[in-house]
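Undergrad: Under the numbering used here, the first residue of the sequence shown carries the number 3, and numbering increases by one thereafter.
Don't take each hint at face value.
[As the list claims (entries may be wrong)] Distance windows between CB atoms, simulated:
#1 60 with 24: 30 to 36 Å
#2 72 with 47: 26 to 32 Å
#3 18 with 48: 49 to 55 Å
#4 24 with 49: 31 to 37 Å
#5 44 with 76: 48 to 54 Å
#6 73 with 11: 34 to 40 Å
#7 78 with 22: 51 to 57 Å
#8 59 with 9: 39 to 45 Å
#9 15 with 44: 39 to 45 Å
#10 18 with 77: 46 to 52 Å
No lab work stands behind these hints, which were simulated from the structure alone.
Ideal Cβ placement from N, Cα and C applies to all residues, glycine included.
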Amino acid sequence: MKQGKPTVRQVYALAAALCERAGEEFPETRDAASALIERLRTENGHPEPLLEDVPFRPRGRRGARPQEERTASRAAAELAHEIER
């Protein structure tokens, strides 16, 4: 069995099953999904603020490394290539 995070397909299937169990309609739009999430969070007594109250944090590229680290990796690869010759 593969390890790692669930696939997008698995997350959608899980969400649909949970909506069905809770007697909720699976949302058709992003706005409807946001409204349902907020309502369910509030009903569950979630301690965090509403999503609209949380500042947006842009995500960096996955696996992005600092410039120095990329340069060092590139230099190490070049050195390894020269040693192989």
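Undergrad: Take the hints in turn and mark each one as holding or not.
TA: Tested hints:
Checked against the hint of 30 to 36 Å, the C-beta distance between residue 60 and residue 24 comes to roughly 32 Å, which is consistent with it. Restraint check, residue 72 to residue 47: a C-beta distance of roughly 45 Å breaks the suggested window 26 to 32 Å. Against the hinted window of 49 to 55 Å, the Cβ-Cβ separation of residue 18 and residue 48 comes to about 21 Å, which falls outside the hint. In this structure the hint that residue 24 and residue 49 lie 31 to 37 Å apart at CB is violated, the actual value being about 20 Å.
Taking the beta carbon of each, residue 44 and residue 76 are about 50 Å apart, inside 48 to 54 Å as hinted. Evaluation of the 34 to 40 Å hint for residue 73 and residue 11 yields a pass: the beta carbon distance comes to about 38 Å. Under the hint 51 to 57 Å, the C-beta atoms of residue 78 and residue 22, about 52 Å apart, fit the expected range. The beta-carbon spacing between residue 59 and residue 9, approximately 24 Å, falls outside the hinted interval of 39 to 45 Å.
Hint check: residue 15 to residue 44, Cβ distance near 25 Å, so the stated range 39 to 45 Å is violated. Checked against the hint of 46 to 52 Å, the C-beta distance between residue 18 and residue 77 comes to roughly 49 Å, which is consistent with it.
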